[in-house]
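Student: Chain residues, written in single-letter form:
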Amino acid sequence: MEGIVFGQYVPGNSLLHRLDPRTKIIVSAILLWLVFVVETPAEFAGYGLFILLLYVIGGVAGSFLKVMKPGLFLIVITLVLNMTFTPGKVLFNIGPVSVSQTGLENGLILGVKIVYLILLSSLVTLVTSPVRMTDGLEQLMKPLQRVGLPASELAMMINIALRFIPTFWEETDKIIKAQKSRGADFESWRLQKRAKYMTALLVPLFVSSFRKADELALAMESRGYVVGMKRTSLHKLEFRAVDFVVLAGLAVVTGSFVFYKYF
Amino acid sequence: MCPIVSIRDVSFWYTREKEKDNEFQSAGNHVLSEINLDISRGEFIALVGPNGCGKSTLVRLINGLLLPSTGSVTVDGLDTGNKNNLPAVRRKVGMVFQNPDTQLFASVVEEDVAFGVENLCLPRAEIRQRVDWALEQVGMQDYRNYPPHRLSGGQKQKVAIAGVLAMRPDCIVLDEPTSMLDPGSKKEVLTAVRDLNSRHQITVIYVTHDMSETVMCNRIIAMVRGRTVFEGKPRDFFADQGALSATGLEAPPVQKLVNSLRERGIRLPADINSSKELVDFICR
Numbered sequence: 040m041e042g043i044v045f046g047q048y049v050p051g052n053s054l055l056h057r058l059d060p061r062t063k064i065i066v067s068a069i070l071l072w073l074v075f076v077v078e079t080p081a082e083f084a085g086y087g088l089f090i091l092l093l094y095v096i097g098g099v100a101g102s103f104l105k106v107m108k109p110g111l112f113l114i115v116i117t118l119v120l121n122m123t124f125t126p127g128k129v130l131f132n133i134g135p136v137s138v139s140q141t142g143l144e145n146g147l148i149l150g151v152k153i154v155y156l157i158l159l160s161s162l163v164t165l166v167t168s169p170v171r172m173t174d175g176l177e178q179l180m181k182p183l184q185r186v187g188l189p190a191s192e193l194a195m196m197i198n199i200a201l202r203f204i205p206t207f208w209e210e211t212d213k214i215i216k217a218q219k220s221r222g223a224d225f226e227s228w229r230l231q232k233r234a235k236y237m238t239a240l241l242v243p244l245f246v247s248s249f250r251k252a253d254e255l256a257l258a259m260e261s262r263g264y265v266v267g268m269k270r271t272s273l274h275k276l277e278f279r280a281v282d283f284v285v286l287a288g289l290a291v292v293t294g295s296f297v298f299y300k301y302f
Numbered sequence: 151m152c153p154i155v156s157i158r159d160v161s162f163w164y165t166r167e168k169e170k171d172n173e174f175q176s177a178g179n180h181v182l183s184e185i186n187l188d189i190s191r192g193e194f195i196a197l198v199g200p201n202g203c204g205k206s207t208l209v210r211l212i213n214g215l216l217l218p219s220t221g222s223v224t225v226d227g228l229d230t231g232n233k234n235n236l237p238a239v240r241r242k243v244g245m246v247f248q249n250p251d252t253q254l255f256a257s258v259v260e261e262d263v264a265f266g267v268e269n270l271c272l273p274r275a276e277i278r279q280r281v282d283w284a285l286e287q288v289g290m291q292d293y294r295n296y297p298p299h300r301l302s303g304g305q306k307q308k309v310a311i312a313g314v315l316a317m318r319p320d321c322i323v324l325d326e327p328t329s330m331l332d333p334g335s336k337k338e339v340l341t342a343v344r345d346l347n348s349r350h351q352i353t354v355i356y357v358t359h360d361m362s363e364t365v366m367c368n369r370i371i372a373m374v375r376g377r378t379v380f381e382g383k384p385r386d387f388f389a390d391q392g393a394l395s396a397t398g399l400e401a402p403p404v405q406k407l408v409n410s411l412r413e414r415g416i417r418l419p420a421d422i423n424s425s426k427e428l429v430d431f432i433c434r
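One line per chain: the protein sequences are A and B, in this order. Numbers given in our numbering equal positions in the first sequence, counted from 1, plus 39. Numbers given in our numbering equal positions in the second sequence, counted from 1, plus 150.
Don't read these hints as lab results, they were simulated from the structure. Don't take each hint at face value.
Unchecked claim - Which bits of chain A does chain B cover? Going by a derived footprint, with three or more residues having C-beta under 8 Å, they are: (1) 253-267; (2) 270-277.
Said to hold, decoys possible - Partner residues aside, some chain B positions facing chain A, computed with beta carbon under 7 Å: (3) ASN234; (4) PRO237; (5) PHE247; (6) PHE255; (7) ASN269; (8) ILE277; (9) SER302.
Where is the CB? At the ideal position from N, CA and C, for every residue including glycine.
Input sequences plus hints: build the corresponding full structure.
Tutor: Here it is in structure tokens:
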């Protein structure tokens, strides 16, 4: 259960952990964009090393391969589709299927890009706790509040959702046990039967969630919460010197890279 | 002294949407009828009665979560019927509910305690100080960085109490706070509440089914079907067979013993609340 709650977050005290979540979100957005700018094999190799370096700095190098696992399937599919369906100079044949050189190159490049995207976005969730992340998102969305985006309400919702995931799992567990004791068979191999028993799980789960939400709203209201109110906060996100250095460094590197690329 | 909570001729019934135009029809199902109650500062009040007798409805009226259908509820001079008073009323009257799981909504204990104070728009240093103070009062300061779902039921309730306490209320309403807890946790919570009442003179309104928890209170209010049937000292309540049978409640074992000893003509002092006191008296 714990694993589900905190996503992939690995607690730690590295430089990346200590950065302000806003910095991390901005930096990752720019780095993700950069993935689409790199072109030559040398650039790709350099960028890959850079990502690896970030993992080492964050002290999460151990997760480097683990985070790629869910993306592996996607990469193989891209590679196969590109190899077989791109016309061009035929490199070799596998049975009736011919593999073109451009196809192979495209597939490889796209595959590597996907790997980089997964690695970069996972890195942020690896070194930022979900609570800090929503705090950061709230702050970043604050300016949009003027045009009617309910930033603090959204952050509150995300926080509550995260908090209630374990409670929700416990509830699911309880209902499954209760229904099993009444003879429900959740492990049946017959799909039809299984679907039938799923309703016996989902309906009570929905009802109890709504009831919980109701009680929760009551508790919040009785502690003086009103939707859309102005609130202060216990923790403050603070840009420290490190954050400015990282952002400035990123601006310089990205700027010079773009300059070298396009001019 | 002017009472902190004063309830005047309050009746209450739930109105269904489609019956809104036809108030007479629903007026037949009174949840509360003609309740009159004054609660003074610093009192420890136990509210007892069978399920569905209107206890929870009554306490929800006190901090304005529900509004009386007729009559008025005033908290420290503020009428809950006036919408502008509600924030002030909720600051004065804190509520702790039955289910410890659905009251804590932050992912870390101290953030949850801070929630109410954050709603008051206080400066950060003040929030910090109040949160630390409140956690200390209930003895949960070591758990400040725990996620709530890792705490025991009693600990969760104590955090909920701390969350209310941090708002510096004059009065705390606890709606069956221990009914989902094991005996050990029950004791923990009750001790914490009693402590707040005696040390900080916070008025406590304690809804419960467990008679042994009411022994130490100043006043018991017993309700049956939306009416108060008894109001007075616990020992008088436990001696009042009529009120006990009307509510379907039983006196705690010690009180029962004291009552039957009295019936046999043995003279006992009025303030025996535990078996130890009884033994001490008899062996004297």
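Student: For every hint, state whether the structure bears it out.
Tutor: Structure-based check of all given hints:
no. : hint    : verdict
1   : 253-267 : holds (count 11)
2   : 270-277 : holds (count 6)
3   : ASN234  : violated, 13 Å
4   : PRO237  : holds, 6 Å
5   : PHE247  : holds, 6 Å
6   : PHE255  : holds, 5 Å
7   : ASN269  : holds, 4 Å
8   : ILE277  : holds, 5 Å
9   : SER302  : violated, 14 Å
Violated hints, in rising order: 3, 9; the structure is consistent with all others.
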